[in-house]
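Chemist: For the record, the sequence lines run as chains A and B.
Quick note, this note's numbering runs 302 ahead of the 1-based positions in the first sequence.
Quick note, this note's numbering runs 302 ahead of the 1-based positions in the second sequence.
A few of these clues could be false.
Note: identical chains are not told apart, hence a pair may lie in one copy or across any two.
With a Cα cut of at most 30 Å, we get these calculated DSSO-like pairs of lysine-lysine [said to hold, decoys possible]:
1) K608 with K495
2) K729 with K424
3) K695 with K424
4) K695 with K432
5) K506 with K424
6) K735 with K492
7) K485 with K608
8) K485 with K424
9) K488 with K608
10) K567 with K488
11) K424 with K735
12) K567 with K591
13) K424 with K667
14) K503 with K608
15) K591 with K492
16) K695 with K442
17) K596 with K495
18) K672 with K424
19) K485 with K543
20) K506 with K646
21) K591 with K485
22) K596 with K492
23) K567 with K495
Since the hints were made in silico from the structure, they are not lab data.
Protein chains: 2
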Amino acid sequence: MEAVMAGQQGMVARNPSVVRAVGDLSSSFKGAASFNAKAFPSGVKVAQAFPRLVTKCTAAPSIAEQKGADSSLANIEADGRVFNFAAGPATLPAKVVKQAQDELFNWRGSGMSVMEMSHRGKEFTAIIQKAEKDFRELLKVPDNYAVLFLQGGASTQFSAIPLNLCGPDDVADYIVTGSWSDKAYKEAKKYCKSNLVWSGKSEKYTRLPSASEYKLTPGAKYVHICANETIQGVEFKDYPKVDGDTVLVADVSSNFCSKPIDVSKFGVIYGGVQKNIGPAGVAIAIVRKDLLGKAQAQTPVMLDFKTHADNDSLYNTPPCFTIYVCGLVFEDLLAQGGLEAVEKSNIEKAQILYDAIDSSNGFYKCPVEKSVRSCMNVPFTMGTPELEAAFLKEAAAQGMVQLKGHRSVGGVRASIYNAMPRAGVEKLVALMKSFQEMNS
Amino acid sequence: MEAVMAGQQGMVARNPSVVRAVGDLSSSFKGAASFNAKAFPSGVKVAQAFPRLVTKCTAAPSIAEQKGADSSLANIEADGRVFNFAAGPATLPAKVVKQAQDELFNWRGSGMSVMEMSHRGKEFTAIIQKAEKDFRELLKVPDNYAVLFLQGGASTQFSAIPLNLCGPDDVADYIVTGSWSDKAYKEAKKYCKSNLVWSGKSEKYTRLPSASEYKLTPGAKYVHICANETIQGVEFKDYPKVDGDTVLVADVSSNFCSKPIDVSKFGVIYGGVQKNIGPAGVAIAIVRKDLLGKAQAQTPVMLDFKTHADNDSLYNTPPCFTIYVCGLVFEDLLAQGGLEAVEKSNIEKAQILYDAIDSSNGFYKCPVEKSVRSCMNVPFTMGTPELEAAFLKEAAAQGMVQLKGHRSVGGVRASIYNAMPRAGVEKLVALMKSFQEMNS
Numbered sequence: 303m304e305a306v307m308a309g310q311q312g313m314v315a316r317n318p319s320v321v322r323a324v325g326d327l328s329s330s331f332k333g334a335a336s337f338n339a340k341a342f343p344s345g346v347k348v349a350q351a352f353p354r355l356v357t358k359c360t361a362a363p364s365i366a367e368q369k370g371a372d373s374s375l376a377n378i379e380a381d382g383r384v385f386n387f388a389a390g391p392a393t394l395p396a397k398v399v400k401q402a403q404d405e406l407f408n409w410r411g412s413g414m415s416v417m418e419m420s421h422r423g424k425e426f427t428a429i430i431q432k433a434e435k436d437f438r439e440l441l442k443v444p445d446n447y448a449v450l451f452l453q454g455g456a457s458t459q460f461s462a463i464p465l466n467l468c469g470p471d472d473v474a475d476y477i478v479t480g481s482w483s484d485k486a487y488k489e490a491k492k493y494c495k496s497n498l499v500w501s502g503k504s505e506k507y508t509r510l511p512s513a514s515e516y517k518l519t520p521g522a523k524y525v526h527i528c529a530n531e532t533i534q535g536v537e538f539k540d541y542p543k544v545d546g547d548t549v550l551v552a553d554v555s556s557n558f559c560s561k562p563i564d565v566s567k568f569g570v571i572y573g574g575v576q577k578n579i580g581p582a583g584v585a586i587a588i589v590r591k592d593l594l595g596k597a598q599a600q601t602p603v604m605l606d607f608k609t610h611a612d613n614d615s616l617y618n619t620p621p622c623f624t625i626y627v628c629g630l631v632f633e634d635l636l637a638q639g640g641l642e643a644v645e646k647s648n649i650e651k652a653q654i655l656y657d658a659i660d661s662s663n664g665f666y667k668c669p670v671e672k673s674v675r676s677c678m679n680v681p682f683t684m685g686t687p688e689l690e691a692a693f694l695k696e697a698a699a700q701g702m703v704q705l706k707g708h709r710s711v712g713g714v715r716a717s718i719y720n721a722m723p724r725a726g727v728e729k730l731v732a733l734m735k736s737f738q739e740m741n742s
Numbered sequence: 303m304e305a306v307m308a309g310q311q312g313m314v315a316r317n318p319s320v321v322r323a324v325g326d327l328s329s330s331f332k333g334a335a336s337f338n339a340k341a342f343p344s345g346v347k348v349a350q351a352f353p354r355l356v357t358k359c360t361a362a363p364s365i366a367e368q369k370g371a372d373s374s375l376a377n378i379e380a381d382g383r384v385f386n387f388a389a390g391p392a393t394l395p396a397k398v399v400k401q402a403q404d405e406l407f408n409w410r411g412s413g414m415s416v417m418e419m420s421h422r423g424k425e426f427t428a429i430i431q432k433a434e435k436d437f438r439e440l441l442k443v444p445d446n447y448a449v450l451f452l453q454g455g456a457s458t459q460f461s462a463i464p465l466n467l468c469g470p471d472d473v474a475d476y477i478v479t480g481s482w483s484d485k486a487y488k489e490a491k492k493y494c495k496s497n498l499v500w501s502g503k504s505e506k507y508t509r510l511p512s513a514s515e516y517k518l519t520p521g522a523k524y525v526h527i528c529a530n531e532t533i534q535g536v537e538f539k540d541y542p543k544v545d546g547d548t549v550l551v552a553d554v555s556s557n558f559c560s561k562p563i564d565v566s567k568f569g570v571i572y573g574g575v576q577k578n579i580g581p582a583g584v585a586i587a588i589v590r591k592d593l594l595g596k597a598q599a600q601t602p603v604m605l606d607f608k609t610h611a612d613n614d615s616l617y618n619t620p621p622c623f624t625i626y627v628c629g630l631v632f633e634d635l636l637a638q639g640g641l642e643a644v645e646k647s648n649i650e651k652a653q654i655l656y657d658a659i660d661s662s663n664g665f666y667k668c669p670v671e672k673s674v675r676s677c678m679n680v681p682f683t684m685g686t687p688e689l690e691a692a693f694l695k696e697a698a699a700q701g702m703v704q705l706k707g708h709r710s711v712g713g714v715r716a717s718i719y720n721a722m723p724r725a726g727v728e729k730l731v732a733l734m735k736s737f738q739e740m741n742s
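Full structure from sequences and hints, please.
Modeler: Okay, here's the thing in structure tokens:
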């Protein structure tokens with residue numbers, strides 16, 4: 303146990319006599335305005351060696367510099383980690399989880415965990431500001447949009463959207479393409495004239511409408527879509543066009559940061575972070591600033607976007623640790639080359655899986671129309687529930703978990719978000735082929 | 303770096319050949335219905351040795367069994383940790399942070415981080431159920447009360463309380479004893495006849511009223527108090543009596559789980575967790591079940607207590623990791639002997655600090671009336687802002703941080719929640735004495 307503990311804290315920090323010596327040494331650095339965090343051997347964390355000094359040091363080891371924790375099959379297995387195909391909360395980049403672990407007890411020499419930091423202290427201020435900056439860079443968010451870190455998931459935004467954008471007599475158009483947009487549509491009825499312009503329900507949400515299939519309401523305050531339906535696996539590849547003062551609003555919970563998006567085409571983009579971006583507990587909204595300040599009088603103060611825009615997401619205590627992990631993920635996505643590179647990888651992973659389905663001579667079936675299949679959530683079925691159960695059991699035995707389809711649709715669903723390594727998809731496809739051979 | 307990594311993962315799990323050997327061994331255990339986690343030497347985590355097997359093993363090392371990370375002055379300093387007097391988010395028990403760190407990359411052999419777990423999977427189901435069970439045990443919550451894990455902080459509950467308990471024409475009485483109860487009172491105006499029955503504002507919120515100083519409204523739906531005002535440091539020692547069908551509602555954000563509370567005297571008890579219980583991002587509400595199901599029609603689905611009661615706090619994705627850390631804190635509080643023992647320790651810590659103030663011949667002054675001084679937040683002032691600034695600077699140099707009073711009141715504030723070690727309070731008092739000697 304002692305060895306494990308020593309490892310966690312770093313040999314240096316655990317030894318009181320070394321700490322004292324280092325403490326003396328650090329005082330001789332006190333005048334230094336900046337500090338090169340890279341000048342130390344990788345086995346000794348600067349923050350651990352010079353705790354008091356490094357509190358002022360903003361140069362931290364970047365995600366890109368992290369050693370180990372790569373996503374090859376050998377490394378995943380050596381780490382004792384499974385391939386987690388859960389629909390959300392979902393797998394995170396292994397290197398992000400490792401960095402969070404490394405920093406959890408004493409964040410970069412601050413003497414405390416991010417979980418313990420005052421949200422108004424200089425350490426967390428730096429964290430949230432960097433997270434917003436990196437997020438804006440990733441999504442190329444224009445200056446006339448506010449970025450808000452919120453709570454309560456997308457489900458809270460189902461209420462906040464009409465409360466912020468509509469009066470009670472205003473019309474809002476909803477295109478319902480799956481379970482989540484249906485929930486959003488129904489919740490909006492409390493606050494405005496929520497209008498169903500198209501629903502895929504009768505076709506079990508297996509396709510998206512073409513523009514000729516629905517008629518938007520002239521003068522509607524907004525048109526709402528769910529960019530990717532997590533449960534049914536349908537994903538908008540391009541977006542409805544809106545006219546006049548009507549704005550487009552998208553719930554992007556399950557494909558947030560999975561590909562570039564032209565923010566300027568939307569009034570509001572919002573989503574929970576727990577699929578592609580971080581642990582559950584944060585929702586992010588990107589809101590065009592001219593839409594702020596018009597919330598209905600009955601809007602709870604915490605659901606009014608202006609409350610958060612006016613306070614840089616610090617009106618009350620935000621979910622600090624979750625925002626911090628999101629920030630680590632943003633660094634990782636930027637280090638990968640930004641969302642263009644991320645999209646390329648996601649398309650390739652999805653293609654591998656859909657190809658396996660489509661080349662199985664019907665052993666595996668994906669019910670979704672090919673042109674709108676999701677790159678994130680891949681549902682498929684087999685001939686019988688018994689076959690599916692056997693498949694899920696064998697997958698779990700091979701360290702591939704959370705592949706069961708949503709309870710409302712059954713079958714199998716592989717969620718292959720940003721952080722699912724290509725090795726995980728390849729391992730799944732290998733199982734699909736061997737399972738088919740054994741059961742044909 | 304390799305040594306650090308090996309420590310984090312456990313020597314066994316990092317070595318592929320050992321993993322393979324253990325994998326073979328584990329298969330011979332497959333029939334075992336249960337598994338004794340304590341049968342292994344403490345240096346080898348069962349979960350790390352037998353990852354696949356232990357997924358089914360719910361016996362985990364308890365907080366009480368954790369080695370190291372005690373709260374003595376020597377250990378805190380050896381760990382490079384500061385004494386963090388922040389008002390919230392606030393210091394957590396060092397052993398809880400260490401356990402969270404130990405388990406962060408691979409929770410108890412599940413092959414994933416708690417941050418990555420499906421909220422509907424068996425692992426997280428076990429986590430949230432145990433957290434609720436332990437919380438109920440700690441606070442002796444009667445069966446006719448629901449325990450809800452919510453989001454959005456107490457500020458969201460400022461809206462939810464009237465929305466759930468009142469119609470628009472109902473009266474709710476508010477006793478305003480500081481900044482937070484004032485915010486709750488003002489937010490409630492949107493949803494009911496929010497009635498100010500007493501305010502301490504003209505006396506700068508330095509005392510609480512006696513029952514003879516206010517008149518409650520007959521037939522009011524509820525009387526709202528803030529049990530402990532974080533900013534001003536006034537704390538109810540006993541509670542207002544309510545008549546008839548009126549219920550008492552308390553925001554306990556800053557003294558939650560700091561002492562026993564007779565839940566049966568309240569209709570709703572609620573609070574954010576980020577002071578005594580866990581990282582920011584969760585609010586907990588204890589709601590008498592007969593009050594559920596009466597929310598106003600305009601209530602956002604996520605603010606309706608019934609939504610969460612009907613779904614065991616899993617209506618949508620909860621902040622899983624934050625709930626998990628709260629659960630570790632509950633285990634720790636139970637291991638300490640429950641809230642009676644915790645209260646005794648808190649009273650002692652507060653007494654040490656207030657004694658130092660009161661015996662300083664006026665060098666330090668606490669503005670709060672003695673009988674209602676908070677055991678959690680201790681504000682005090684000195685003769686001049688310059689003295690206070692010098693004190694804060696010296697405290698920080700000695701590793702005592704976040705002592706600055708809230709921006710709205712100035713001075714110094716020491717928040718000494720459950721997890722602030724007695725050693726931290728003693729160190730602060732030692733500084734107060736030496737600082738006074740040097741500046742008198």
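Chemist: My question is about K591 and K485: at a cut-off of 30 Å on alpha-carbon distance, are they close within one copy, between copies, both, or neither?
Modeler: both (26 Å within a copy, 26 Å between copies)
Chemist: With identical chains, the pair K672 and K424 could be close in the same copy or across copies; at 30 Å between alpha carbons, which is it: within, between, both, or neither?
Modeler: neither (49 Å within a copy, 33 Å between copies)
Chemist: Given a CA cutoff of 30 Å, do K488 and K608 count as a within-copy pair, a between-copy pair, both, or neither?
Modeler: Cα proximity of K488 and K608: in one copy and across copies (24 Å, 17 Å).
Chemist: Using 30 Å as the alpha-carbon threshold, which applies to K503 and K608: within, between, both, or neither?
Modeler: between (35 Å within a copy, 27 Å between copies)
Chemist: If the cutoff is 30 Å on CA atoms, where do K695 and K432 land: within, between, both or neither? Let me know, please.
Modeler: between (42 Å within a copy, 27 Å between copies)
Chemist: Should K729 paired with K424 be assigned to within, between, both, or neither, using CA atoms and 30 Å as the limit?
Modeler: Only across copies: K729 and K424 sit 24 Å apart there, 44 Å inside one copy, limit 30 Å.
Chemist: Reference check for the pair K695 and K442, CA-CA at most 30 Å: within, between, both, or neither?
Modeler: neither (42 Å within a copy, 41 Å between copies)
Chemist: First find the shortest C-alpha distance between K567 and K591 inside one copy, then the shortest across copies, and answer within, between, both or neither for a cut-off of 30 Å.
Modeler: For K567 and K591, only the intra-copy Cα distance (14 Å) is at most 30 Å; the inter-copy one is 46 Å.
Chemist: With identical chains treated as interchangeable, where does the CA-CA distance between K567 and K488 reach 30 Å or less: within a copy, between copies, both, or neither?
Modeler: within (24 Å within a copy, 37 Å between copies)
Chemist: Could you place K591 and K492 in one of the four classes (within, between, both, neither) given a Cα distance threshold of 30 Å?
Modeler: Both ways: K591 and K492 sit 24 Å apart in one copy and 25 Å across, limit 30 Å.
Chemist: Classify it for me, K485 with K424: is the Cα-Cα distance of at most 30 Å met within a copy, between copies, both or neither?
Modeler: Only across copies: K485 and K424 sit 26 Å apart there, 40 Å inside one copy, limit 30 Å.
Chemist: Can you give me the call for K596 and K495, within, between, both or neither, at a CA distance of at most 30 Å?
Modeler: both (17 Å within a copy, 24 Å between copies)
When each numbered hint is compared with the structure, violations occur for hints 6, 16, 18.
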